[in-house]
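**Student:** In the order they appear, the protein sequences are chains A and B. In terms of my numbering, the first sequence opens at residue 118 and continues consecutively. In terms of my numbering, the second sequence opens at residue 2 and continues consecutively.
Honestly, the hints are just simulated from the structure, not real lab data. You may find that some hints are simply not true.
[What the hints assert, rightly or not] Rough simulated footprint, nothing fancy, chain B against chain A, three-plus residues with beta-carbon under 8 Å:
1) 303-311
2) 342-354
[Stated by the list, open to error] Below, a list of computed lysine to any residue pairs in the SDA-like style, where the Cα atoms sit at most 20 Å apart:
3) A:Lys228 <-> B:Lys124
4) A:Lys467 <-> A:Arg446
5) A:Lys251 <-> B:Met233
6) A:Lys222 <-> B:Gly219
7) A:Lys186 <-> A:Pro209
8) B:Lys126 <-> A:Gly178
9) A:Lys186 <-> A:Asn306
10) A:Lys222 <-> B:Lys124
11) A:Lys454 <-> A:Arg478
12) A:Lys329 <-> A:Arg478
13) A:Lys345 <-> A:Ile367
14) A:Lys222 <-> B:Gly127
15) B:Lys124 <-> A:Glu192
16) A:Lys454 <-> A:Asp472
17) A:Lys364 <-> A:Asn284
18) A:Lys136 <-> B:Gly127
19) B:Lys124 <-> A:Ala191
Glycine is no exception: its CB is placed at the ideal position from the N, C-alpha and C atoms.
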Amino acid sequence: MTNTNPSVEIKQLDLSFGKVEVLKNLNLEIARGEFLVLLGSSGCGKSTLLNCIAGLLDVTGGQIFINDKNVTWAEPSDRGIGMVFQSYALYPQMTVEGNMSFGLKNAGMAKDEIKRRVDKAAGILQLEPLLARKPSALSGGQRQRVAIGRALVRDVDVFLFDEPLSNLDAKLRTDLRVEIKRLHQQLQNTMIYVTHDQVEAMTLADRIAIMKDGIIQQLDDPNTIYAKPRNKYVADFIGSPAMNFFKGEIKDGSFSSPEVSMDLKGYETVDGNLPNTNAWLGIRPEHIQSGANTKGCSFVGDATIEIVDPMGSDTLVWASLAGQSIRVRTEGQSSLKVGETLKIGFNADKLSIFDTDTELRV
Amino acid sequence: MADTTATTFEGPSGPKPKRAFSSTNIIIYGTLFVVCLYYLLPLYVMIMTSLKGMPEIRLGNIFGPPVEVTFEPWVKAWAEACTGINCDGLSRGFSNSIWILVPSVFLSIAIASVNGYALANWKFKGSEVFFTILIFGAFIPYQVMIYPIVILLRESGDGITNVMQFFWEDAPRFRLMGSLWGLVIVHTIFGMPILTLLFRNYFTSVPEDLFKAARVDGARFWGIYFRIMLPMSLPIFVVAMILQVTGIWNDFLFGVIYTKPETYPMTVQLNNIVNSVQGVKEYNVNMAATLLTGLVPLIIYFASGKLFVRGIAAGAVKG
């Protein structure tokens, strides 16, 4: 992404705790008003990166710029950021209003200006009836809204979210997710959002950075990440249930493995040519056709149904294809039975193929 | 639906019935009763004896209630009993103990809470080593440090005198050794390991996110301490207070070493009254004096029993 005036810029960031390197030479540019999601499994360094941006951790090397200002050594409160934590982190002895105004009081702001800002934030988040309450008298969703409000009153350009919805139950999580998205559309602030939930990542993000071992594996918009994962880790991580993989060999434009043999015509390669190499062939469960829809597919085979998971909107089938377990997503109200044979098939254009040595997309 | 409400169940249904006089209950409450009796009996004897006159005590019936109730022994213990040349009873020791107690408790808790807060939330290079050394201090026998502290107090008292005389020639000699302030310093130092441990463990259990949020909100070291940590840690402060009040009030060793007769704390004075070898042993006065001395910790325990248990439990979560 080319942007001459990024909101947050991270240059060659290193961070290690003693001998453990958590972040390695990390570069990242986040545009003004962008919603960036840092996604990864636990221990990948995503929260650490967020804490570095917030200034809660001292970096080992590199620089951090926020609004073109070098804030590498700046205090968290001087960086122009607001932060929302997973555990809400509301001050238990203060009221909602006290929680929201604490930062402004520390900054020595005038009383009427504090009140104006708190009222405005409370209005946006529908917190007005709760202003006099203590956090202990609030529900989880209300607490997290207060935490968002606390970041909101600071009137900053960059919002940092550290897994803000992970402590909420499923329904509330969906509600608040929509609320955060609406908030972003309304405020047009830069938001950096850490999560391990790929649904949150896919729905909220302008761009997703998938991290593993302190390295950004892929930084792209959600659609690209889903359709064209750059390596096998990303392909495996994104999508639920996960992508099916077959280990085999590419030779002269066709793939062959014990389970699948097919012509790869129609597959869009990264650099325009398809090397002859050992490769992983990946296909998402929802891209596998079944039954009559397999007509005209480049690969057609018979699989034995092992488990059927009806989900309402669709049905998930765990089947065995030549001895290997595969996942197939089929239509919602199906009458598939365990032990039956399911005809499956797929085309080359939906595939993701990775070199077995480098695990990179070919 | 109508007929299901009338259904009667075969076999066990609903809550399991409890028997009030099961063998388990009898054993538990019986044991508790006996133990209570065992611990309360001496207290009963003390109170009864303290309310009797000497002639009645000489009859030897220690369990019998006083025939003639008299508060004379209490008055004597408080205001007239002699220790050495002072004949103003325990009242002198009481006020000494208060003068020692209040600053010691305040100082030790103030310093230890900041210590614990810094060690829990503002880790610095070597903070763990520092903490280990501090905790190690809790395991060194007091007796080892008695003489070094005598010298330390004497020398630092002289040092302060020198500094004062540098600015003001007629400054009086300032003594730490033998003064109440010396004892306050000693108590503050010796309370440090256990209190720091207590506070550090408590502050470690406060979610780290809260501390981070406060930093994002622009609060610094003291701001977070006073505005966030202090208001939410009242239970642990109460626990520390109870520990220190009872510990310092009951202290005998430091009191007898680092003070002089005019500044003896109550415990030392009590010992001197009870163990005096001249004249008749006035058991009733001795009992009254002992009860008077024990009153302060007793009141503290009764007033804060629940909080004490809660705080100890809260402080013991993490190591």
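**Student:** Tell me, which hint numbers fail for this structure?
**Tutor:** 1, 2, 3, 7, 10, 11, 14, 16 and 17
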